[in-house]
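Asks: From just these sequences and the hints, can you work out the full model?
Protein chains in written order, with the numbering used here: chain W, 81 to 493; chain S, 81 to 493; chain X, 81 to 493.
Simulated from the structure, these hints should not be mistaken for laboratory data.
Just so you know, nobody snuck in bad clues.
Which copy? The list can't say, so a pair holds if one copy fits it or any two copies do.
With a straight-line Cα cutoff of 25 Å, these simulated SDA-like cross-link-like pairs (lysine to any residue) come out: (1) Lys225 with Asp199; (2) Lys394 with Asn197; (3) Lys394 with Gly445; (4) Lys394 with Thr359.
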Amino acid sequence: MMADIDYGYLKDDDGQRFYPITNYELLTNKPDLSGYAKSSDLSNYASKLLFNIDNYGAKSGDRNFDNAPIINNLINKLPSNGGTIYIPVGDYWVNTPIIINNNYVHIVGENSGFRSNIDHDPTNSNRPGGGSKLCLTPTNPIGLKLGDSNIGDRLSGVVFDNLNIVGAAAIGKQVSQTGIYLNRNSDGVKIINNVIMNLDFGVVAVGSDALHLSNNWICELTNGVHVIGSSQQCQIQNNYIGCQPRGISLKFDNPYGATVTGNNIYPDGFECIEINNGTICNISGNNFQSFYTGAIKMSGNNILFSNNMIYLRKNNGNWSSDPIGRDGKYGAIHIDGDDYTINGNHILSEQPSDDTRILIMSGSGNKLSMNTISGVSNRKIVINGSCNNTLSIYNCSDSEFDGGGNSSNRNIN
Amino acid sequence: MMADIDYGYLKDDDGQRFYPITNYELLTNKPDLSGYAKSSDLSNYASKLLFNIDNYGAKSGDRNFDNAPIINNLINKLPSNGGTIYIPVGDYWVNTPIIINNNYVHIVGENSGFRSNIDHDPTNSNRPGGGSKLCLTPTNPIGLKLGDSNIGDRLSGVVFDNLNIVGAAAIGKQVSQTGIYLNRNSDGVKIINNVIMNLDFGVVAVGSDALHLSNNWICELTNGVHVIGSSQQCQIQNNYIGCQPRGISLKFDNPYGATVTGNNIYPDGFECIEINNGTICNISGNNFQSFYTGAIKMSGNNILFSNNMIYLRKNNGNWSSDPIGRDGKYGAIHIDGDDYTINGNHILSEQPSDDTRILIMSGSGNKLSMNTISGVSNRKIVINGSCNNTLSIYNCSDSEFDGGGNSSNRNIN
Amino acid sequence: MMADIDYGYLKDDDGQRFYPITNYELLTNKPDLSGYAKSSDLSNYASKLLFNIDNYGAKSGDRNFDNAPIINNLINKLPSNGGTIYIPVGDYWVNTPIIINNNYVHIVGENSGFRSNIDHDPTNSNRPGGGSKLCLTPTNPIGLKLGDSNIGDRLSGVVFDNLNIVGAAAIGKQVSQTGIYLNRNSDGVKIINNVIMNLDFGVVAVGSDALHLSNNWICELTNGVHVIGSSQQCQIQNNYIGCQPRGISLKFDNPYGATVTGNNIYPDGFECIEINNGTICNISGNNFQSFYTGAIKMSGNNILFSNNMIYLRKNNGNWSSDPIGRDGKYGAIHIDGDDYTINGNHILSEQPSDDTRILIMSGSGNKLSMNTISGVSNRKIVINGSCNNTLSIYNCSDSEFDGGGNSSNRNIN
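Replies: Written as structure tokens, this is what we have:
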């Protein structure tokens, strides 16, 4: 109870000695701590241990402030077992790319704040949408990319979730812009629940195995999702993807085992889906719409393309010419390769009646069955004469079928 | 060090002058702050910046307390770029509708606390389930709805996630009740991971474009999900939807480009799915069960209905008569319109053998292919005589097919 | 203002009377609270009300510390309407099972920290991956299981989300290990977004109704997901599942109404999918790969198996013999039962040409249509002579079809 301190000789202004108080309980007007938090309260407010970029210097709403270095610094400080960088609601401008330099890094937004450019947005007319927005400045080529540091052969377990990644297409971009660029081999990257728009490329994934891209809205940009290099077992499911006339909505180079299901692919990309040299892919249960010949273009072998709704639409009352110059003989669906199964699709086409609906350009053993091809055309299915053993089963009448003069290509009706 | 305050002449009760202490460090019994939180600790507990309704006066567990005004007030205070309202675990009673008056508003629960009414819940017998529960009082017609304020042509980017929305059906409701009512044009609304039950209508969406409704359990209510007005590009995926005999599980008016995949549609709605005047829709890979004739009813054109499992079940050992009075000739699947593709479905029916399995009531160019229709019936496929160019391919024998006396309707077997 | 306390006769060490200070405002060096948090600040950092296991004594990174009792204690303290237990990023060792003893309990990780064993992980070579990891010690048979307490007929609304559940397969496990064991009747359990690996069994679900298992990576373990006992309306969607040669990737006993869509099933399980005594199931739009005969094995009736990509692969250039000794006549797809629809699948097989691709072993009324069976084989479809009324439509030539000498089994080509 008694203090063992040396009081010294403290005096007040008029020379009176200060009398120390050793029993704080005697203070009747103790500091009022009723408004202060107990440490134990923090546990009651226990939360996900996110790294909120606002706590580390990020600043929303300032076009001249580059948030990327702050986010990159946070990523670099994450432990080897990863962590989550949290982007609050706000317009966070990024003048330079955000670089994911570690495995197991999650970049997570609060919400993806969807809005289409089509609707006037009085509060934010050049950058539509709200939520956790990463706004690329006009000179920034990339929103988020993988890093180059020595972290193993493949970067693993990176997640991009619930972000609104917006390019500068509407405000005078000065470079080609990509939203998410997986620029090195990776495994198990997830791109989920995002809005990605106003860019040249939404997602470019190079050498991505087990890429899982689902429940995104990747529209109103030139190109949607391009999975290039080569990939295994990608799942592209339940997305909206819509592009512009010079772009491709969904492109795969050398995919092995891709599963593309439940997507709505909008106009106006010149191709809804392009698969180059694919194999063991399953493209089923999607809803494709396009204004152009060559909307579906596939090469490779052993691809299952089934149960898709495909609508080849006039645009403002007219059938559009192809932005890359292909003519009506190219085929709304254009296939090069062996052992395709094209089954149970519904094709409604407003192409001119002379234009080809499905063209098998090369290959053998292709099978087209139970496809409905609505509308009038004398070229519903056209097989190049170099093809062998193509089997068309109950897709169209003989007069709507052209076997290329090769009798191994049969139409059954 | 020396204070410049005027001490005045403060005296204690027995007239002794108070000697001020100017050096707080001399207090040996300083206030014990060891249990208090430093502001810097808050960053370490950085969290998603949610607006927890409990921090703004919400109260769970009190049937007489209306939480809606508190939530509405929070919504109205959100900035123009949106934000997230968080509903903790608890029974939050709402006596009046929650109104979403801004774009980019997320109403997010902690968990959806699923429980079926079928299981006895000793702790909460009239309001099954736990989690983040919004309980409609018996007089409240709507759980959550969109607002009417002038926020553009379409309300954008609203999300309802991980909520348990429970009506008063089990405790004497006094009005017709709807869980989520999208009562004005909207774009990109997401309804995900919710439990919605004990209501007249689970979700009613009017003029909803790009509605994304997935991974919900919307059952044990009269009607499930009704997408009315007209809509573009709705995705209804991977849900459970089950209704009551006077209700429709999934209804669309004027849908364009809807994608309905991977859902389990339970009994006992009188219809599993009703599409009125649809086009470019893809209904595939679902699992439907029903007790009634007319379980699947579709009008419009260019609809793909494929790869669905459809089970027409007896109920307690007997085939039920239709709650709305349709007879067995109506067809378990009833179609009006042109250019349908009905392909690769599996239909197991316990209807009386005289009852119609699939009826094409009107239209031309419809194609039914590779459907399995198990069980015995002399009316597996019936085409009204007014229909033209209906093609039935390997669905049933000629004796099980009725072409309506119109030779343009063919059965291939 | 004046205190009513009795000062007593407190004196300091040298006998001076203590002069109490009753007006704290006179203290010029008040305690500096500028670094302390106001309670109101907590609202600004409002978060989801998770129970962070770290706040209750959990410890990551210590192989000798069992976190299960701490988590179990938290679960047992949850109120009857449930709550969320949060696992931060870290290697949390569990020496004993985590037991879910209540309804509506969510066990939620920060991220699932995916990494394949195939990639060298210099930081964590024996326990690949990061994120919110539950590491089973070598003697722990179960990661998470349901409890036995009297909580109703079925445990409801339990969720496992975003966890990395890792067994000790790579570090000398001493018992058979299961990641998630739903060991009693349950309803509406969700297993979503997890990584589950290095175990004997990923998920074993006994008597699970409305199990929703989606967006998981359950690979590099002996067995993947086994839904046993009997179940209703399970949804297994958009997962990666891959097993080892003595295991089965996806197994169902007595499923009713299961929907299995959009999954990638990898090698090397001896079976990709086994369904015993199933009915009203829809298995469509998946991507299966296997090294073995009997990769797809189904019994029961009224099962729809459609639009699947199936690749029977050589392993390192050779066709592998079956780990459980079945010969090439068993069939890559082996079916016992009535009223199957096997439609629109694409089968690429590298089996020896004499090996059977599809075997219908028993039953009547089975229908195989529009399946592509690439490659050379004289046994593409084989029907046991005991089967009746099997219909094969445009799957293969007559020489590739064996009707078992029973003329009710037809091949249409």
